[in-house]
Structures are given as structure tokens and as C-alpha cells.
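Number of protein chains: 2
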Amino acid sequence: MTENAAAPTDLLIEKLLSGDRLALARAITAVENEGAEGAAIMRGIRGHLGHALTVGFTGPPGAGKSTLVNAFVQQQRARGHTVGVIAVDPSSPITGGAILGDRIRMTGHSNDMDVFVRSLASRGHLGGLSRTAVKVLDVMDAAKKDVIVIETVGAGQSEVEIAGVADVKIVVAAPGLGDDVQAIKAGILEIADILVVNKGDHPLASQTVRHLRTMTGFRTDGDEVPVLRTTALTGEGLDRLADTVAELGERGRADAPVKRLKLLLGRVAMDICERKLQTGDPALTDALADAVATGDADLDQAAEKLLMAVLERLK
Amino acid sequence: MTENAAAPTDLLIEKLLSGDRLALARAITAVENEGAEGAAIMRGIRGHLGHALTVGFTGPPGAGKSTLVNAFVQQQRARGHTVGVIAVDPSSPITGGAILGDRIRMTGHSNDMDVFVRSLASRGHLGGLSRTAVKVLDVMDAAKKDVIVIETVGAGQSEVEIAGVADVKIVVAAPGLGDDVQAIKAGILEIADILVVNKGDHPLASQTVRHLRTMTGFRTDGDEVPVLRTTALTGEGLDRLADTVAELGERGRADAPVKRLKLLLGRVAMDICERKLQTGDPALTDALADAVATGDADLDQAAEKLLMAVLERLK
Chain G
1 MTENAAAPTD LLIEKLLSGD RLALARAITA VENEGAEGAA IMRGIRGHLG
51 HALTVGFTGP PGAGKSTLVN AFVQQQRARG HTVGVIAVDP SSPITGGAIL
101 GDRIRMTGHS NDMDVFVRSL ASRGHLGGLS RTAVKVLDVM DAAKKDVIVI
151 ETVGAGQSEV EIAGVADVKI VVAAPGLGDD VQAIKAGILE IADILVVNKG
201 DHPLASQTVR HLRTMTGFRT DGDEVPVLRT TALTGEGLDR LADTVAELGE
251 RGRADAPVKR LKLLLGRVAM DICERKLQTG DPALTDALAD AVATGDADLD
301 QAAEKLLMAV LERLK
Chain E
1 MTENAAAPTD LLIEKLLSGD RLALARAITA VENEGAEGAA IMRGIRGHLG
51 HALTVGFTGP PGAGKSTLVN AFVQQQRARG HTVGVIAVDP SSPITGGAIL
101 GDRIRMTGHS NDMDVFVRSL ASRGHLGGLS RTAVKVLDVM DAAKKDVIVI
151 ETVGAGQSEV EIAGVADVKI VVAAPGLGDD VQAIKAGILE IADILVVNKG
201 DHPLASQTVR HLRTMTGFRT DGDEVPVLRT TALTGEGLDR LADTVAELGE
251 RGRADAPVKR LKLLLGRVAM DICERKLQTG DPALTDALAD AVATGDADLD
301 QAAEKLLMAV LERLK
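These protein sequence lines map, in sequence, to chains G and E.
Here this note's numbering is used: position 163 in the first sequence is 163, and no number is missing along the way.
Here this note's numbering is used: position 131 in the second sequence is 131, and no number is missing along the way.
It is worth saying that the hints were derived from the structure and are not from the lab.
Careful, some of the hints might be misleading.
To be verified - Below 35 Å or equal to it, Euclidean Cα-Cα: the simulated DSBU-like pairs (lysine-lysine) are: (1) Lys144/E with Lys262/G; (2) Lys305/E with Lys276/G; (3) Lys144/E with Lys259/E; (4) Lys276/G with Lys15/E; (5) Lys259/G with Lys305/E; (6) Lys305/G with Lys144/E; (7) Lys262/E with Lys305/G; (8) Lys262/E with Lys276/G; (9) Lys15/E with Lys144/E; (10) Lys262/G with Lys305/E; (11) Lys15/G with Lys144/G; (12) Lys144/G with Lys305/E; (13) Lys15/G with Lys305/E.
Bear in mind that the values here come from a model prediction, so they are computed numbers and not experimental data.
If we strip away everything but chain G, and leave its shape as in the complex, we get:
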């Protein structure tokens, strides 16, 4: 243990690339901490990416998403794939991670050396979560996981963004209209590659499948989106889901690591911008707000001025 802790980053990367479980855990922690070691790991693994098929699961609470993810993972294992799971959990650092961790441990995957589960909590700031998720995905990819599942607890804006990183994006819904359908937000519906109605033995399941088929007809990209029905508890529909995932996953997956890197670049750029705006230039903000308030400036022009002034200081 002490020897491992003292091992140089190069050795850690080497072990990570060979699929070593402890090295994977340590590398993820380093990347999460966003220090020098994390940056070195990200550089070191760059040429070794593109093995994994990444699958995002998102959707409202109560849709049985966790049960479905567990069933999906079991099935991928049965097909002989090694699996990584990133559970994105923007809850309080005090309770969130632990609860989620316990839930996943309970399912029994923890005794399976080829399923690696990691929860990401927000640690008080929500913005950094999607950046971290993309990096952890790269690290698991470098460790040669065949399939990496990204599960988000909620269905908010940041969760949609995170799930959107995956090669195949699955949106899970529960049968029944009302709140459940309401919770399938526009942003989510637009990014879905597959819609799944879980709890497929529920009396309202057929109706919800039909309803979702109608809704996807409104998509701006005109893509046809498969609407599947599963019952995670009995395993029904899981085979078809796995087949569809495998099929869709073949589309343009070769450049997935570059796509992820570009997403990461944009995300980090936004984070820098937000940080600069938050520390900001209080005097200028006051002056601009005053100009807008008195009608001397237009809101959009003032905002543009603020943005440019704040970013001037990056130079």
C-alpha cells in the first residue's frame, strides 16, 4: 500500500492501462482532484482511448432506472463484457454518495471483479460535474472496460449534458402519463437514441409506449428513435435493449474519444468564463446595470460588454 502510494505516475498509468482495479480507483481519484497528477494521467492515457462503448441512462426518478441499469450491467457481463459504471449523483456531499454506493453494493456486483462502479458527487459545486464525468469516462476507457454506463440520478440540465457524452443515450420512463411524461424534458427527448419504458408489465405501459412514439415524431432532427419496453425485474426486453445498444453503438464510434475531448474543451471554456464572470468586475457591472436601468444601454449590448471586459483579463 505504501509502495503503491509512492509509485510514480508513470507506473500508475502503466497499471491502469493493463486494467488493474486498484490503479483504476487511484487514477479516478487523482482525476477528480484536478491536480497535477490528474492532468498527467489524462495526458498519459490519451493515445490509449476508444476501446469502450459508452451508454448513458437518464430519466426522471421513479422510472426504475437503477434497477434497469443493474439488469443491463448483469446482461453485459453475461455476454462476456467487462463493465464500468459512473453513477452521477449531484446530491449533498454529506449523504448522497453513501446512499448511492450502498444501493449499488447491495446488488452484488461488488464481488464481480469485472464490474467497476464509481459514484461522482458534486462536492458543493454543480458546474464541475460534467467535466469530471468526461474525464472519468476516459480513465475507464483506458482501463479497457468494454462497456461504460453513465447513470444520472436526476434529469436536470447538467444531467442531460453528462448523459449526452455517451455514444448511446437511453432515456428511461415509467408507464403512465402525468408527472412521468412531464418529467421527460425537451432537452432529454432531443438527445435520446433509445427510449425505454421500464416496468413494462404495468397496465399503462402500452399507452406510454404509444405516447412516446408520438412525441418523438416532433424531434427536430427527424431521426426515428426506437421505443422499447423492458421489465428490469424479470429481465424481459433486456436482450433486445442490449442488441439495439450494440447496433447503434457501431455508428461513428471510432472518433468517440476526440468527440469527448472537444466536448471537454467547450465545457472547460464555459467553466472559465463562468468563473471570470463570478469574480467579475463589480464596478463595471454596477455601471452597466445602471446604464441598462436608466435606458442608456440595451441589456444584450451591456452583457456583451461585460463578457468582453472580463475576458480581456485572460490575456
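Dock chain E against chain G, hints included.
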């Protein structure tokens, strides 16, 4: 109706400032559409803001938030206040707004001329919602609503941001640990001025109140946050909630419109930045991604470069 439609913006603003219901509805639509009329209205009302006390309700689904908001509105009416409600609903434009609208109509407020309810849906893009919410808040304030409630359906990042605009921010939780507490995310807990455990007659209510009191002890700002218990269905605890809101609302409310304007400036600046990054500079992004991939550039430096290049074009 045709005469109204042809009325110039000045007349609309005049009617709005006098509290006319139809003018309020039309002004909100104009502001939502983000055209020239909306901009003119925002300028026209600027000197007439600062009347309303604004109250944000946020929290996970299932906490009985809507019932609580309805009870709170009824109680504010009983105290003689006029009320505006902004229901922020990031659902699909196809189903979301209608469902929420029906739910609110069912409560009977629609026959009360002094309660004005408006749902804001995301119309497919999530980013613009907080900008619109702040503007609609200004418009309702100009129409001399005494109290404006902002209710968010979910508890994601954008919802936290929107609720954060209010003078008094209320986070609603349901009794029982596990998912409910898990759903009270770090970001929400940090912004709360009041925590409410609704369904206060539930056997686990006391335990949740105690648990939340412990959690708020971890807040970085060290503020003491009142943890209240309500039962919206019977009205229990509502009086105390209204008193606490009124009391907290007095703190520094004089500059609320300026605070909102500054928030809006920052938000619009972020939106401009995001838009510019999305249209972006594909060739530069490719080159930067390549430099990071080959180890010639550091991720953060590359992101900074991207940000600056994209914003150069604002000049």
C-alpha cells in the same frame, strides 16, 4: 381585442403599470418572445420596480411542493396581498405546460382576479429559461403584485439558479430519509433561506427536521437556517411560514431589482458565450483538440485559447 392588439407599446406599459390583467399577460408573452416589443417593455418598466416580495419554492418531486405553494398563495390572499405565480416547468413543450396549467387551474385560483399564474416551459432549449424567468418577474413586479412566487418543478442546476433569484428562497422536503434527502442537492441547500418539511403529520417528519438541522450546520456561510414543518393540506404551519417569509423578506429588499438586473446581465453574458462556443470555430477546435491529444497543449490552456478566439469575434 383587435384594438388591444394594435395598441402601441407605451399604452401596454401604462396599462401594465396600473395592474391590468390582460396587459400583464400580453407583456409577459412579449418578453418571452425576446423581440423588440419585449425589450421596449423591459426598458419602460425599469423605473417602476421594487414593489414585490419574491419567494422561490424549489425541491425534489414528491415533496408536496405544489400543494404547499397553493396553500401559501391562498394564505397570502387571506392577508390581503395580490399574488403572481411563475411556475417554471422545463418539460416538453408538447405536454408539460398544459399539465401544469391544468393542475393550477384545478385549485380554484383562476377565479381570483388577484392571483396571476404563468407557466414557463423551456421550448426545447433549457438555457434561456432563467433569463426569461427573471424578466417575467420584473414584469409582474411592475404590475404591482405584492408577492411573487417562483415555483420550479424539478431540482436541477437551472432550477436552483432560477429559484436563487428570489428575495426569499424556500427548499421543500418530504419526511423520510433516503431518496428525498438525497434529492436535496448541495447547491440547493446552500441557497436556502428557509427549509420546509411538508407533510408534517407524517411519522418521519420530526426525524427529517432534525436531520436537516444537522445538514444546515455544514453550510459554508454559517447562516442559521430556519427549518419549519408544514402540512399544506390542513394549513398547519402556514402562518409561521408566512411570518418567517415576511421577516426575512425585509432584509436588503430595497435593491432587489438592481440585484436581479445584475444576475440577468451575468446570465445573458453566459448565454452569449455559450452560443459563440457552440457555433464556435471548428477548425480551431480541431487543432486544439489535436494539440491536447498529442500532449502539446494542456487542457485548460487550450480551453482558454478557444474561449478567447471565439470571443475575439464579438468585437
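Cross-check of the supplied hints:
| no. | hint | result |
| --- | --- | --- |
| 1 | Lys144/E with Lys262/G | violated (47 Å) |
| 2 | Lys305/E with Lys276/G | holds (14 Å) |
| 3 | Lys144/E with Lys259/E | holds (18 Å) |
| 4 | Lys276/G with Lys15/E | violated (40 Å) |
| 5 | Lys259/G with Lys305/E | holds (18 Å) |
| 6 | Lys305/G with Lys144/E | holds (32 Å) |
| 7 | Lys262/E with Lys305/G | holds (13 Å) |
| 8 | Lys262/E with Lys276/G | holds (15 Å) |
| 9 | Lys15/E with Lys144/E | holds (11 Å) |
| 10 | Lys262/G with Lys305/E | holds (13 Å) |
| 11 | Lys15/G with Lys144/G | holds (11 Å) |
| 12 | Lys144/G with Lys305/E | holds (32 Å) |
| 13 | Lys15/G with Lys305/E | holds (33 Å) |
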